[in-house]
Amino acid sequence: MMLIEAYLPALMLAATPLPTTLDVVESDAEPSALAAALPEPARRMIDTAIADGDAKAAAAVMDVARKSYPQAVAEIDVIEAAWRHRLAEEKARQEAEALRQLASAPLFDNWKGQVELGASRSTGNTSNFGLYGAFSAQRKGIDWSHKLVARADIQRTNGTTTTQRVLASWQPNYVVQDRLYGFGLAQYEHDRFLGYENRYTLGGGLGYGVIDSSAVTLDLEGGPAFRLTDFTAGATEPTLAGRASLDFAWKITPTLQFSQKGSLFLESEDGSASALTALDTKLIGSLKARFSYNVQYERGTPPGVDPVDTLSRATLIYSF
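Using the numbering used here, the letters of the sequence shown correspond one by one to residues 52 to 371.
Do not rely on the hints blindly, as some may be mistaken.
[What the hints assert, rightly or not] Here are the simulated DSS-like pairs of lysine-lysine, each with C-alpha atoms no more than 27 Å apart in a straight line:
#1 K191 to K163
#2 K107 to K198
#3 K302 to K333
#4 K312 to K107
No lab work stands behind these hints: they were computed from the structure.
Construct the complete structure from the given sequences, taking the supplied hints into account.
Right under this line is the structure:
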């Protein structure tokens with residue numbers, strides 16, 4: 052009812068019998084024609100509501116007018132049908148213009164992304180310093196979209212580096228139909244504490260948006276991959292692998308979001324997996340805080356090296 056408060060007085064006035072030109076119409080006028088007419092004040096209120104541009108308020112005013120003037124329902128229906136037709140035409144025009152601009156946009160336009168930073172420092176019996184940085188960006192076009200990701204994580208304890216992990220990737224996606232898409236993947240990794248200096252991955256496959264709503268999204272991907280690994284022991288090994296991944300996001304409230312990203316590479320003898328669980332909370336403007344837990348698994352690590360690395364962290368994220 053809040054939507055139509057401003058229009059109620061005029062509608063009530065229109066419903067009140069007042070002297071009009073109808074009162075002095077010749078006696079041979081058709082009674083049915085007089086009864087069917089929508090009073091001019093009510094029509095003006097409908098026109099005003101439509102002109103204000105609030106679709107919900109305009110629809111509510113027309114609903115009240117139908118109840119107040121049941122004899123003019125057909126006329127109100129015609130007014131609403133014409134109005135909704137104009138709305139549909141305007142929406143189609145705006146969508147066509149948006150697609151035109153998207154198709155003609157330069158390569159470096161229409162990117163959205165975020166920068167994530169975190170650091171830690173402790174002194175005393177144990178001296179520890181940690182630094183984490185991440186960058187991600189995405190560009191969506193009509194058929195193509197691109198994802199860029201870069202992460203670096205360094206930890207030093209008592210002057211000795213204990214964690215040194217770097218990842219960079221590029222993933223182009225092409226829409227096949229509706230929620231189905233094809234993708235490519237180019238990725239670089241470095242983590243000598245898990246047994247390799249450099250690892251290069253080229254892959255591709257198909258992805259599907261299992262859930263695609265305003266609150267929850269879930270994408271699943273799968274396909275083959277070629278990996279070239281430079282191990283810390285000195286050997287270089289090319290392998291074929293199968294890759295599977297998931298990307299889940301749940302917008303719990305407008306300011307709170309839970310996400311889960313994971314990937315799995317299966318090779319004939321070795322393999323690796325990673326999972327990142329995060330909870331983001333909006334602070335102010337484009338700034339938010341993230342609490343995350345990361346698990347990294349590497350099968351076939353050198354003797355004495357734990358195949359599982361875990362890391363919990365709190366970071367700040369700026370979105371652009």
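Hints, one by one, checked against the model:
no.: 1; hint: K191 to K163; verdict: holds (9 Å)
no.: 2; hint: K107 to K198; verdict: violated (37 Å)
no.: 3; hint: K302 to K333; verdict: holds (11 Å)
no.: 4; hint: K312 to K107; verdict: violated (39 Å)
Of the numbered hints stated above, those contradicted by the structure are hints 2, 4, listed in ascending order.
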